[in-house]
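Let the sequences and hints guide you as you build the complete structure.
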Amino acid sequence: MGSTVADNGKLSDLPQQRRFVTAHNEEGKAVVHSHQDLEWRAYDADQLAFSVVYTTSSTPPDLNGDKDILIHQGVMESGQLGLVNPNGSVLRYVDFKPGYRCGMHRTQSLDYGIVMEGHIQMVLDSGETHDLKRGDIAIQRATQHQWVNTSQTEWARMLFVLQECAPLYVGGQEFGEDLGKHSELPASRKE
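In UniProt numbering, the protein residues as written are 1 to 191.
Note that these hints are calculated values from the structure, not bench results. Be aware that one or more of the hints could be misleading.
What the hints assert, rightly or not - For lysine-lysine, the following DSSO-like pairs were computed, each having C-alpha atoms within a straight-line distance of at most 27 Å: (1) 67 x 29; (2) 133 x 181; (3) 97 x 29; (4) 97 x 67.
Stated by the list, open to error - Across the chosen pairs, the derived CB separations fall in these ranges: (5) 166 x 91: 35 to 41 Å; (6) 32 x 172: 48 to 54 Å; (7) 128 x 20: 36 to 42 Å; (8) 139 x 63: 36 to 42 Å; (9) 62 x 127: 41 to 47 Å; (10) 187 x 161: 16 to 22 Å; (11) 13 x 33: 14 to 20 Å; (12) 169 x 45: 32 to 38 Å; (13) 45 x 79: 17 to 23 Å; (14) 39 x 187: 36 to 42 Å.
Even for Gly, the Cβ is constructed at its ideal location relative to N, Cα and C.
Spelled out as structure tokens, the structure:
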């Protein structure tokens with residue numbers, strides 16, 4: 001399991017992000033329920049940092065009585081959140097140290113990966129490589145891949161939305177989660 005990042009609450013030199021969660025008052029008007037700086041966890045010898053912004057645990061999520069907020073808090077307090085949240089979604093920032101190359105991996109999920117800062121290279125197990133810049137989006141469909149920060153001086157940041165998907169079969173073979181060398185990353189649990 002990763003370690004909580006100390007000092008300024010983050011590992012990289014990229015700006016600290018804040019989360020604002022809205023709700024409704026008794027008159028049905030929109031209000032901010034809570035806001036806070038994001039918390040970060042370091043992995044892979046401080047070359048990678050995660051910040052979970054929000055989770056849902058059902059589709060569609062139930063917002064009545066702030067049920068989704070309470071469930072999210074429970075998921076985070078449990079310490080059991082893997083890369084993917086069963087039956088739900090995970091919104092997560094990921095910071096990549098300059099020159100960092102994560103291991104080849106696959107999650108059983110449909111992911112939207114948006115480059116927020118820097119440049120990142122997407123490498124697929126077929127050997128394909130694609131360079132992504134700020135604003136580019138990768139739609140990862142349970143594919144084996146890795147991320148490479150090609151800069152030797154600048155951190156890169158991506159924002160991911162991960163949604164659990166049905167088991168994937170290709171040529172009769174099931175392709176499930178494979179964290180490769182990332183044994184310290186939180187494996188997704190099944191329900």
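Hints breached by this structure
Structure breaks hints 3, 4, 5, 8, 11, 14.
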